[in-house]
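S.K.: Letter by letter, the chains look like this.
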Amino acid sequence: DGGITQSPKYLFRKEGQNVTLSCEQNLNHDAMYWYRQDPGQGLRLIYYSQIVNDFQKGDIAEGYSVSREKKESFPLTVTSAQKNPTAFYLCASSPYSSFKNIQYFGAGTRLSVL
Amino acid sequence: SQQGEEDPQALSIQEGENATMNCSYKTSINNLQWYRQNSGRGLVHLILIRSNEREKHSGRLRVTLDTSKKSSSLLITASRAADTASYFCATANTDKLIFGTGTRLQVFP
Chain A
10 DGGITQSPKY LFRKEGQNVT LSCEQNLNHD AMYWYRQDPG QGLRLIYYSQ
60 IVNDFQKGDI AEGYSVSREK KESFPLTVTS AQKNPTAFYL CASSPYSSFK
110 NIQYFGAGTR LSVL
Chain B
442 SQQGEEDPQA LSIQEGENAT MNCSYKTSIN NLQWYRQNSG RGLVHLILIR
492 SNEREKHSGR LRVTLDTSKK SSSLLITASR AADTASYFCA TANTDKLIFG
542 TGTRLQVFP
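Sequence lines, in order, name chains A and B.
Note that the numbering used here numbers the first sequence so that position 62 is 71, with each residue one more than the last.
Note that the numbering used here numbers the second sequence so that position 43 is 484, with each residue one more than the last.
Calculated directly from the structure, the hints in this document are not laboratory data.
Warning: the hint list may mix true and false statements.
Quick partial rundown of chain B residues pointing at chain A, CB under 7 Å, derived from the structure [claimed, not checked]:
hint	residue
1	Gly483
2	Leu484
3	Lys537
4	Phe540
Glycine included, each C-beta is placed from N, C-alpha and C at the ideal position.
With these hints in hand, go ahead and build the complete structure from the sequences.
M.R.: Structure below.
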C-alpha cells in the first residue's frame, strides 16, 4: 500500500448523514484520486486533483465532495445526496499530473449504510 | 463507461500452471497497465506497456500488447498460491485511466 494511508478501514453511515473518508500520502506526489469499487466491478473515478487547491470531477462525482488544501491530503465526503453509498472506496496518488502515470493505492475504506 | 473488458472473469488453476488473462479495449491509448488486488485491499501496480511496445517481461509476468486488435494479455508463469488475487487492466491516455472489470485468479496448492 506504499505511503498512502486511508482511514477508517470500515465506516458506517446513517440515513441523511455526511461522512468523510481520509486519504494521506507521504510520497510527495502531485496528483491524487478517489475511486469507487462495487462488487465484481472495476474502479470508477469520483474526483481527482492534479495540484493543491484544485480538483476535477470524475465519472461519478454526484453526491460526493472533496478538498485539496494540502499536497499530502485529499479527503472525500460522501454526502446525504449519494443515495447508494455502500461500496469500497480507494484513494490513489501518482507522481505527476497525468493519467499516463502509474498510480499507487491505499488499502481502501469499506462504507456501509446502517 | 469502462473501456477495458477482461476475459475470463474467473480462472482456477493448480500451482505450477500458467495463467493467462486477456484485456480488450475500444479506443487509442498511450499505455496499458496491469494491477493486482488481493481481496479487500488496494491495487498494486504490476507492469506498464507503452503503445509502441509489443511485449514486456517482469519476473514471472509477461505482457503483450496488440494495438491493431486493441488487446493485451497478461501471462503469469509457474503460478503460486500467493498469486491468488484479482487482476485488472487499465488503459491510459492523456485525460483518463480506465479500469477493466478484472479477472479473479484462484491458484490451488
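S.K.: Would the hint on Gly483(B) stand, with a C-beta cut-off of 7 Å toward chain A?
M.R.: Holds. Min distance 3 Å.
S.K.: Return the status of the interface hint for Phe540(B): holds when the least beta-carbon distance to chain A is below 7 Å, violated otherwise.
M.R.: holds, 4 Å
S.K.: Using Cβ atoms only, decide whether Lys537(B) comes closer than 7 Å to chain A, and label the hint accordingly.
M.R.: For Lys537(B), the interface hint holds, since the closest Cβ of chain A sits about 6 Å away, which is under 7 Å.
S.K.: Go through the hint on Leu484(B) and say holds or violated, using the shortest Cβ distance to chain A against 7 Å.
M.R.: Nearest chain A Cβ about 5 Å off; hint holds.
Of the numbered hints given earlier, the model fails none.
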